[in-house]
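**Q** So the chains spell out like this:
Protein chains: 2
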Amino acid sequence: MKKIGILGGGVWGSALAKILNKNNVVLYARDQKIVKSINNFKINPNLKYATFNDNVTATTNLSDLKDCEYLIIALPTKEIREVIKSLGKISTNQHIIIGSKGIDIKSKMFPYDIVKTILNTDNISILSGPCFSIEVAQNLPTAVTLATNNINMFNEINLLFSNKNFRLYFSDDITGCQLGGALKNIYAIAVGITIGLNLGENAKSALISRSFAEIIKFANLMNAKSQTIFGLSGLGDLILTCNSLKSRNTSFGQFIGSHQKIDISGYLKTLETTEGYYTVKAVHEISLEKNISMPIAEAIYNILYNSSSITDEINTLLNRPATKEFID
Amino acid sequence: MKKIGILGGGVWGSALAKILNKNNVVLYARDQKIVKSINNFKINPNLKYATFNDNVTATTNLSDLKDCEYLIIALPTKEIREVIKSLGKISTNQHIIIGSKGIDIKSKMFPYDIVKTILNTDNISILSGPCFSIEVAQNLPTAVTLATNNINMFNEINLLFSNKNFRLYFSDDITGCQLGGALKNIYAIAVGITIGLNLGENAKSALISRSFAEIIKFANLMNAKSQTIFGLSGLGDLILTCNSLKSRNTSFGQFIGSHQKIDISGYLKTLETTEGYYTVKAVHEISLEKNISMPIAEAIYNILYNSSSITDEINTLLNRPATKEFID
Numbered sequence: 006m007k008k009i010g011i012l013g014g015g016v017w018g019s020a021l022a023k024i025l026n027k028n029n030v031v032l033y034a035r036d037q038k039i040v041k042s043i044n045n046f047k048i049n050p051n052l053k054y055a056t057f058n059d060n061v062t063a064t065t066n067l068s069d070l071k072d073c074e075y076l077i078i079a080l081p082t083k084e085i086r087e088v089i090k091s092l093g094k095i096s097t098n099q100h101i102i103i104g105s106k107g108i109d110i111k112s113k114m115f116p117y118d119i120v121k122t123i124l125n126t127d128n129i130s131i132l133s134g135p136c137f138s139i140e141v142a143q144n145l146p147t148a149v150t151l152a153t154n155n156i157n158m159f160n161e162i163n164l165l166f167s168n169k170n171f172r173l174y175f176s177d178d179i180t181g182c183q184l185g186g187a188l189k190n191i192y193a194i195a196v197g198i199t200i201g202l203n204l205g206e207n208a209k210s211a212l213i214s215r216s217f218a219e220i221i222k223f224a225n226l227m228n229a230k231s232q233t234i235f236g237l238s239g240l241g242d243l244i245l246t247c248n249s250l251k252s253r254n255t256s257f258g259q260f261i262g263s264h265q266k267i268d269i270s271g272y273l274k275t276l277e278t279t280e281g282y283y284t285v286k287a288v289h290e291i292s293l294e295k296n297i298s299m300p301i302a303e304a305i306y307n308i309l310y311n312s313s314s315i316t317d318e319i320n321t322l323l324n325r326p327a328t329k330e331f332i333d
Numbered sequence: 006m007k008k009i010g011i012l013g014g015g016v017w018g019s020a021l022a023k024i025l026n027k028n029n030v031v032l033y034a035r036d037q038k039i040v041k042s043i044n045n046f047k048i049n050p051n052l053k054y055a056t057f058n059d060n061v062t063a064t065t066n067l068s069d070l071k072d073c074e075y076l077i078i079a080l081p082t083k084e085i086r087e088v089i090k091s092l093g094k095i096s097t098n099q100h101i102i103i104g105s106k107g108i109d110i111k112s113k114m115f116p117y118d119i120v121k122t123i124l125n126t127d128n129i130s131i132l133s134g135p136c137f138s139i140e141v142a143q144n145l146p147t148a149v150t151l152a153t154n155n156i157n158m159f160n161e162i163n164l165l166f167s168n169k170n171f172r173l174y175f176s177d178d179i180t181g182c183q184l185g186g187a188l189k190n191i192y193a194i195a196v197g198i199t200i201g202l203n204l205g206e207n208a209k210s211a212l213i214s215r216s217f218a219e220i221i222k223f224a225n226l227m228n229a230k231s232q233t234i235f236g237l238s239g240l241g242d243l244i245l246t247c248n249s250l251k252s253r254n255t256s257f258g259q260f261i262g263s264h265q266k267i268d269i270s271g272y273l274k275t276l277e278t279t280e281g282y283y284t285v286k287a288v289h290e291i292s293l294e295k296n297i298s299m300p301i302a303e304a305i306y307n308i309l310y311n312s313s314s315i316t317d318e319i320n321t322l323l324n325r326p327a328t329k330e331f332i333d
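Read top to bottom, the protein sequences are chains A and B. Just so we're aligned: 155 in our numbering is position 150 of the first sequence, and the numbers increase by one with no gaps anywhere. Just so we're aligned: 264 in our numbering is position 259 of the second sequence, and the numbers increase by one with no gaps anywhere.
Since the hints were derived computationally from the structure, they do not count as laboratory data. Do not take every clue at face value.
One copy or two, it doesn't matter: identical chains are merged, so the pair holds either way.
Below are the DSS-like pairs computed for lysine-lysine, each with C-alpha atoms no more than 30 Å apart in a straight line [what the hints assert, rightly or not]:
| no. | residue 1 | residue 2 |
| --- | --- | --- |
| 1 | Lys251 | Lys111 |
| 2 | Lys230 | Lys295 |
| 3 | Lys266 | Lys169 |
| 4 | Lys295 | Lys7 |
| 5 | Lys47 | Lys266 |
| 6 | Lys169 | Lys222 |
Just chain A, with the same shape it has in the complex (with noise of 0.2 Å):
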């Protein structure tokens, strides 16, 4: 029996401890009343039709994880550093799997970069791929594609899950398999404006597949390969968060897009963390140093950075001249 470390208390973390447990799983979580349900009534009142066996643990105190065989990061983006660095030096042989998507908003850096930069490891892997937690937690088929430099690391960690309807395929792009679940955030707060806006499913279709356009253009400039976005952590990921009122950017953007004037900050607040909302600052920011034009995380950005008005972006979005499609 492998010790699994968790980080995270969220369900995407819960989900994954669950199914993990064949094995010793030990979650972190900062949330006590989280930990207490967990550790008292197996189950997470977040995590809906899931309850865990024995095998899974929680804490509040990191240094319980020390001694993991494997780490699976599962926060927000924007704690995964301060949480890496409260846990100090870990062993080169503990393999590290990345499962948070984002960007981080001040270093521009992947969770990858932020993590090796921190722990001087290069053991570390990175899951992404089309999953909602919630059917994960319920066993429902999931297909997703772990990333590392090492194909026995695959193996190993492809047998710790085995689970035949949670399957992993390997891919050794590593920027590129961070980078669609990074950027869909984005696109899937745009579309939630259009469903907030009414505006049916030939504008929301057709804003998917110029998003794609986009991640494309963005993950050539950081060196993906193509390949991996056209799979399942690019456009897998892309079509089911922008499909579907579960994923919490989509909707906090039908809030927004249907209620117009709100204080989008604060109702923030109010929310589970929001990636979209700190990944268009940093792919703002990157699209401005490497001069790309990028209109959609464009429009995204002006909304919640700069009072812009909804309608006004995404009108410009629709009515572009009619010209060739491509026109970047």
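Starting from the known structure of chain A, arrange chain B on it as the hints suggest.
**A** Chain B in isolation, oriented as in the chain A frame:
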């Protein structure tokens, strides 16, 4: 005022008649009831929320369309050959816009080639993209691709529509623009089956992203441009169709997925044309001829034509061995 003929009295032809109603529009339908309803009551009973103005009339007589400056084909693909033959010779000045999506099961030709062969003209454009007819008729924002060999013709047709909520984007890729709209119906059936089997949104999104990879593979074989496949007529239409039970193909898939043992060809007779049923047979034959592997299309072919078990075929698709994402 230009004279526009529309072949096909289904919802798509009628939606186009509605948005083109600043012109003189004559709609050809075989169904007398539809023709009477349009002429006497200015509605097509199958297309909700839309009334026509006096510029729109309908006829059961093909020769009433002989002198149209523009002829739009909105027929089921399998009827194009017969109707165009009955129409007979037209002037080479007349411009044909094809709005049908599919591949002819006998000749394995796209609509463009069927029409070109019979009429010996290349004054033909392709209109394709993510558009539910009902949303077009409601004047909700819609963006589509118009592929033509002649940019002047694009500009002319663009003026003809001149509707800020129905926007055309130019492409010169005739094959690519037909390919996405034809193939997506196969994958919509596959996705519908996963809905019928209650497999969840994770599985659905994984299947759509793999379907897209399969479409790209087929497109490469056909020398279509990848950019077209990433655009409105490719990815955009795939996303729209697969994510809504408003699509005939998706809801057909859902029905057979949730009913298991049914007489598929008998059930099909009760429905409006389900293009995917025909397209998958043509694609199956092309993939055999050209020796390319298209596992999802093949699974749907086996279900529809070889009475294969739905659950077995879908399980095989979802449970490919854990290995590289892009195995083929």
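**Q** Hint by hint, note whether the structure agrees.
**A** Going down the list of hints, with the structure as the test:
no.	hint	verdict
1	Lys251 - Lys111	within (28 Å within a copy, 44 Å between copies)
2	Lys230 - Lys295	both (18 Å within a copy, 27 Å between copies)
3	Lys266 - Lys169	between (47 Å within a copy, 26 Å between copies)
4	Lys295 - Lys7	neither (44 Å within a copy, 48 Å between copies)
5	Lys47 - Lys266	neither (42 Å within a copy, 41 Å between copies)
6	Lys169 - Lys222	between (34 Å within a copy, 27 Å between copies)
The structure is inconsistent with the numbered hints 4 and 5, although it conforms to all the rest.
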